[in-house]
Structures are given as C-alpha cells and as structure tokens.
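Kindly generate the complete structure, drawing on both the sequences and the hints.
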Amino acid sequence: MELVAGGADEAAVIAHARRGDTNAFGRLVQCYQSSVYNLAFRMLGDGSEAEDAAQETFLRAYRQLGSYQPARKFATWLLSIAAHYCIDQLRRARAGGPSLDDAAWHDTLMSAAPEPEAIILERERSLDVQALLQTLPASYRAVLALRYWSDLSIAEIAGITGDSEGAVKVKLFRARQVLAHSLTQDTVLP
Amino acid sequence: MTEHLEMIAYMQSALDGALDDAARRLLDAHLETCALCAREWKALHATHRQLSSSPRLSAGSGFTARVLARIAADQRRERARSSRVYRLMFVAVILGVVSAVLLLAPLAGLADPAVWAGMIPDTLALLSVAAAWLTILMTFVRVALEAVGDGPLLVALIMALGLTMVWIRLVGGADAFKRPALANGG
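Top line first, the protein sequences correspond to chains H and P. Its first residue numbered 1, the first sequence is counted upward by one per residue in the working numbering. Its first residue numbered 1001, the second sequence is counted upward by one per residue in the working numbering.
Quick caveat, the hints were computed from the structure, so don't treat them as lab data. Each hint should be verified, as a subset may be incorrect.
Claimed, not checked - Some chain P residues near chain H, calculated using beta-carbon distances under 7 Å:
| hint | residue |
| --- | --- |
| 1 | 1047 |
| 2 | 1050 |
| 3 | 1064 |
What the hints assert, rightly or not - Facing chain P, from chain H, some residues (calculated, C-beta under 7 Å):
| hint | residue |
| --- | --- |
| 4 | 26 |
| 5 | 33 |
| 6 | 38 |
| 7 | 74 |
| 8 | 136 |
| 9 | 140 |
| 10 | 180 |
| 11 | 183 |
Here a beta-carbon is modelled for each residue, glycine too, at the ideal position from N, C-alpha and C.
Written as structure tokens, this is what we have:
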C-alpha cells in the first residue's frame, strides 16, 4: 500500500525503518522522493546532480534515522538534510552553469498538460525560472524551493534552514524581488 | 516612504497568504493611488504565479531501487570497516600488553635487575632498546587510534616519543642499570 506523507501509518513505517527494515525505508523513499528531488533540482539546477543529491539525502537519512525525533515532522527533517547537502555542494563552487538542455527534464515533467505545445511552453517557462534561480545565492534558492516546490510554511522553512522566521521572510522577499525584476526585464507581464 | 515599505511588506504577506482582510483593503486602496507600488505588486504577483505554476519533477523510474542499492553497498562497506576495526583492536591490545610489560617490568621488580643490566650493558644498547620500544609504542598508538577513528600519525608519534622519553629516564636512571650499563658505555 502506498504511504501517504504525514499519514497515520507513517510513524509505524519509520519505526520499522529505524530497526533496519530497508523495505520500510523504501516506502519512505517512494513517498518523499519527489519532494527531495525537486528541492535538489531547484537548488542545483542539474538533473544528474539532483539525482545524486537526492540519493545522498536518503542515504544520510537512513544512517541518521536513529537520531530522528518522532515529534518532528519527517518531511521537515528529511528536507533539512537535503537542503544542507545542496548548500554544501553549491559552496564547493561548481564550475559552469545549469544544464538547461538536460534531456531528462522533458521526460520527468510531471505536468499533466496533454498538448505537446503546452508542454513545450510550460517547459520554457520553467527553464526561465530555473535559469533565474541559479543567479540567486544558495540560501535564497533554498528558501524559494522549500516555499514553492515543497509547500512548506515560513515556520517550517525556518526550522530547516536554522534561520529565524523573520530572516526567512526577508530572504523570500529579496529573492522574489530579484526574480521579479529579472523576469520583467524581458517579458511583458500579463 | 514608510507607507511604501509597509505596503511592500503587505505584498509579501499577501503572496504567502498571510494578509488579513483589513490589511488587504489597505493594500488595495494604496495600489489604486500609487503607480510605483502597483508596478511592484504586478511584478511580484507575476513572479509568484510563475513560481507557483512551475511544474514539480520526478526523480525518474527506479529511483527507490537505486537508493536501496546504495544503502546495501554502504552497509557492506560498513561491515567491512567494522571487521577491520576489530582486527586492529586485537592487534592494539597485544601491542599494548607488550608495551606495558616492557615499561613496567624493570620498574616493578618483575624481572631480575641483573638480567636487564646484562641485556642493556651500555648507553648504545639502551638507545637501541628504546628505539625498538618506540616502534612498538608507535605501532600500538597508531593501531589504537585507527581502531577508534582516523589515526593521525603525528599524534601517535608525539605520544610514543613522550612515553619513550619516560622509559629511557626510568630504565637508564634506575640504579640497577646505571652503574654497570652507563659506566661501560661511557
């Protein structure tokens, strides 16, 4: 049976995983892979790096399951590992920009739009956003990714990044402003 | 100016869905009269829409299997490391016992001083034994450190040197050895 994030049986599955049940951990991976992968992709900007970062996140989560406090939301704990790993990766000053021609991108779009034209338009818009994201500092990117692609609240983001809620709001504010100014430079707003 | 800053804060709250009705009315009223803020709001709102509608991606098929395979490989590595640690700990214990015997025997009267004096007849012999003792100690400390983590060579060297100096001072300075040993040597 498919595990629902934050659902009633999640605690039991986590408890099994903590006892070394890799099948139970597999259910957690299945449930949270999209959130972790999206965060990694939005932060790193490259499909293969995001895949590697997502795998590394789950590996670290498995190793650290013993230190997980059940009182904490599992998604927040997991995304915290992912965000810190991605920030570390970005700090290692990767050479080169994001791979916007990543062939995997097209295949992995989860958009349900059936029309090819709509898919292409959507993809172009997403690539614009993705390219602009790469111009932001890592911590700003993390805050945006957690807000928009992980649907977390300000308080949850603060719990992940270790910032105060005020600092998260300021980062969101500045990141949106930078993106807004960049996006409006070349496009006509609706 | 203060009003503009306040309105920009309202805009951010509105985007996060955290603006109450009264504040929303104030913002709307301000946007009708302030072209600067209206332009800012339009840009921010468009950005917010674009970010919100940007699609979620999937890691691709087989991701879970790849993660589980990586975990299995990690567990194999960890088991191999643990096994190596146990072997190192065993060697460390043996070397530790040898070191302790070498250090304590002449001092605790566990051996006949005459025998030790015969084995270490002069300063050169004392230094040779000390070198051997240093090697054993170095190996012991390194193995012990590697068993509990990454063993830095420098720490092992300093600890072994310190203990060797103590050993030389104790053995070379003991009456049983001093007279025949150091007298013969120099």
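Results for each hint:
no.: 1; hint: 1047; verdict: holds (4 Å)
no.: 2; hint: 1050; verdict: holds (6 Å)
no.: 3; hint: 1064; verdict: holds (5 Å)
no.: 4; hint: 26; verdict: holds (5 Å)
no.: 5; hint: 33; verdict: holds (5 Å)
no.: 6; hint: 38; verdict: holds (5 Å)
no.: 7; hint: 74; verdict: violated (16 Å)
no.: 8; hint: 136; verdict: violated (12 Å)
no.: 9; hint: 140; verdict: violated (13 Å)
no.: 10; hint: 180; verdict: holds (4 Å)
no.: 11; hint: 183; verdict: holds (6 Å)
Against the hints set out earlier in the document, violations occur for numbers 7, 8, 9.
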